[in-house]
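Asker: Next come the chains, spelled out residue by residue.
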Amino acid sequence: MKRFTITPPVAALILAIALFLLSGFLPNSYGSDIDVAMAQATNIVRLAVFLGVIAAGQTLVIISGSEGIDLSAGSVVTLTAILTYVYVSGQDDKVLVALLISLVVGALIGFLNGIGVTFLKISPFVMTLGMSGVVTGAIIVVNHGNVSGKVAPIMTRLIARPISQSIPIPGAIVIWLIFGVLMWLLLERTTFGKNLFAIGVNRITAKLSGVNVTWTNLATYSLAGALAGFGGFLLVGNTGVVLIQLGQPYLFPSIAAVAVGGTLLSGGKGSYWGTMAGAIVLTLITSLLTTMQMPDSVRRMVLGATLLILISIYGRQGALRQ
Amino acid sequence: MKKRFNWDFLITRYPVFFPLILLVLSIAINLFLQPNMFALDTINSNMRVFLPLILLTVGQAIVLIGGGIDISVGGIVSIVNTILATRVGLDGTPELMWQYVLISLLVGVFAGAINGFFIAYLRLQPIITTYATSFLYAGFALFILPNPGGGIPADVANLYRTTTPLSLPLAFYVIAILLLAWIYVSSTRYGKYLFAVGGKAEAAYETAVPVTLVQFSIYVISGFMAALAGIAITMLSGSGNADIGNSMTLNSITAAVIGGNAFSGGIGGVAGPVMGAVTLSLIQNIISFAHIDTWWETLVKATIIVVALAAPGVINLIRRRRA
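If you read the sequences in order, they're chains A and B.
Take 0 as the starting number for the first sequence in numbering that gives the first Met the number 0 and just add one per residue.
Take 0 as the starting number for the second sequence in numbering that gives the first Met the number 0 and just add one per residue.
Treat the hints with care, as some may be off.
Unchecked claim - What follows is a set of in silico ranges between Cβ atoms, one per label pair, in the way DEER data are often shown:
id	chain 1	residue 1	chain 2	residue 2	range
1	A	F24	B	L179	56 to 64 Å
2	A	V240	B	L158	46 to 54 Å
3	B	S185	A	K120	22 to 30 Å
4	A	T204	B	V23	39 to 47 Å
5	B	R320	A	G209	55 to 63 Å
6	B	R319	A	Q247	32 to 40 Å
As the list claims (entries may be wrong) - Here's a subset of chain A near chain B, in silico, CB distances under 8 Å, partners left out:
id	residue
7	S122
8	V133
9	I139
10	G179
11	W183
12	A255
13	M293
14	D295
15	S296
16	V297
17	R299
What the hints assert, rightly or not - Covered stretches of chain A, as calculated for chain B (at least 3 residues, CB under 8 Å):
id	segment
18	109-120
19	126-132
The hints are simulated quantities; they were obtained by calculation from the structure and are not laboratory data.
Keep in mind it's a predicted model, so treat the numbers as computed, not measured.
Note that beta-carbon positions come from the ideal geometry of N, C-alpha and C, so glycine has one too.
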């Protein structure tokens, strides 16, 4: 008899929908108004886009195994957001170049992480943590706490506004869907994706089967950096302003989103669909707690407890006794 | 193949070797910038500031050896700090203080036991579990003390700040006790189990090591050490702040790794991480004494840390290129 199982991405999605429906009973929520409910749901998904994109690189690095993690993602997001903001300064024709700059700068930082992790054998946790400090330090040195710039109108229109008058779906969500399909193709339909899962399961067997472990690892960190860079570009398009702490609040939630989405933190198993669902669940919980107007302390405790319950349900590792 | 100086042997046999070089280096630079560094007053005032991080790092080091990680330690520090600051108060009696010190230690052990339960018995992944509980603990600290305030009696705080038995700082005795305790523990059966579980839990299980119990215990130890760190930092600052432990978590991890404990577990000790914690704190001192422009501080500090982390790897790479 086949055991009935729900995959983590589906479980996370069901949970998100259930939570959202339950939230209708809250005193200051949407109640019985379908239009308001739809608008609220759309808004939550729109907010989840940025966490989801930032968590994409995190997904790759975590799948690559060997304690892979990227703690520099938050600072890279801040950096590329500031770069975009300053470089574009309100001109539409500079947007594409700004996007390119964001990707390249992110990839470069990720590449440095990769060098440290692959060649110098530094644990990813401390390597990327150190890199995060370096990037944050560089941001402080360069802009001295204040930046002048402006987001281009075309970015706001494509990212923050609905795609058209009749379809009230923000462009960010459409971008995220396309992005999700690309991530799926990358993970499931390319050699790189296959190699990535292979090195995540076991580096030695991967090497013996002809996978270039060193190159794959370097590429993974570079790609993760580039994706964080893309996250910064999108984020500034939505907020329209930059802060020195813009990206940092997304860092640990990005890891949590990956874990909630069922990707094994020990590597070798996971999907981007899961991360997308995880990002939606986390954003939903955070915004529900805000709607309920709880004090900050209770909000943090509830978030911690929810996360603990979520991972207790399906984040468990196999038993020691096989 | 005639190589008298065997680097690999040195690094693996004496994991303290590299942290020691870093420590000596940072002491030398600090001495250059602050000539009176070895005056007893200065040593005492430095060590009492370093001690909370040292205590926290020792707990983290043991968790790392056991193959885990604890990112909730900062939250535990904050809880202990807020409990002491609100329950004892500025005009409390020393008896009340010691009573709550005891309670704080129990709270630390309990918080560690929660981590241990989820990680060892429910088999959740350490990093995400302690990340979740860090919210739980930091939130609880904020719940106890929403705004910075409160405090402990001044004479109790001074006990920590100025006690110098045999004219040596209190911290030296604490460190000595920690190291002696570690030397004893690592020679016991439990010590062997700890390294076995950290090295490869499945293999340890096959050889009848009580893996679950050992995994549980490391988080309890870490919680206990975090409570000690919380008590120390409260006596140092004399006041309460629910955010006091936040920045300490990542520092304790960095210090333990600089000290030679690897994330993969089963490697390292406690002496190295203690040196790592002192080195990390000295770097902070060096930066403030070097009169570096405030804007540059973060960058300089982070760069030094990355270089310190990268150095053993770089040396290894050069060596292998030559061989």
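Asker: Hint by hint, note whether the structure agrees.
Answerer: Quick rundown of the hints versus the structure:
About 59 Å separates the C-beta atoms of F24 of chain A and L179 of chain B, a value consistent with the hinted range of 56 to 64 Å. Hint check: V240 of chain A to L158 of chain B, Cβ distance near 49 Å, so the stated range 46 to 54 Å holds. The hinted window of 22 to 30 Å between S185 of chain B and K120 of chain A holds, with their beta carbons roughly 24 Å apart. Here the CB-CB span from T204 of chain A to V23 of chain B is close to 42 Å, well matched to the stated 39 to 47 Å.
Take R320 of chain B and G209 of chain A: their Cβ atoms lie about 25 Å apart, and the range 55 to 63 Å is violated. Restraint check, R319 of chain B to Q247 of chain A: a C-beta distance of roughly 37 Å satisfies the suggested window 32 to 40 Å. Residue-level restraint check for S122 of chain A holds (minimum Cβ-Cβ distance to chain B is 4 Å; threshold 8 Å). Interface hint at V133 of chain A: satisfied, since its Cβ lies 4 Å from the closest Cβ of chain B, which is below the 8 Å cut-off.
With 8 Å as the threshold, the beta carbon of I139 of chain A comes within range of chain B, its nearest partner Cβ sitting at about 6 Å, so the hint holds. The restraint placing G179 of chain A at the interface with chain B is violated, with a minimum CB-CB distance near 22 Å, outside the 8 Å limit. Violation of the interface hint for W183 of chain A is found here, the shortest Cβ-Cβ separation to chain B being roughly 23 Å, above the 8 Å cut-off. Look at A255 of chain A: its Cβ gets to within about 7 Å of chain B, closer than 8 Å, so that hint holds up.
Look at M293 of chain A: its Cβ only gets to about 10 Å from chain B, farther than 8 Å, so that hint breaks. Contact between D295 of chain A and chain B, as hinted, is supported at the beta carbon level, the nearest pair being about 6 Å apart and thus within 8 Å. Taking 8 Å as the C-beta cut-off, the interface hint given for S296 of chain A holds, the closest approach to chain B being about 4 Å. A cut of 8 Å between beta carbons decides the hint on V297 of chain A: the least distance to chain B is about 7 Å, and the hint holds.
Annotation: R299 of chain A was flagged as interfacial toward chain B, and the flag holds, the nearest CB pair being 3 Å apart, inside 8 Å. Interface restraint, the segment 109-120 of chain A with chain B: holds (4 residues with C-beta to C-beta distance below 8 Å; minimum three). Only residues whose C-beta sits within less than 8 Å of a C-beta in chain B count toward coverage, and the segment 126-132 of chain A has 6 of them, enough to reach three; the restraint holds.
When held up to the earlier numbered hints, the structure conflicts with 5, 10, 11, 13 and fits the remainder.
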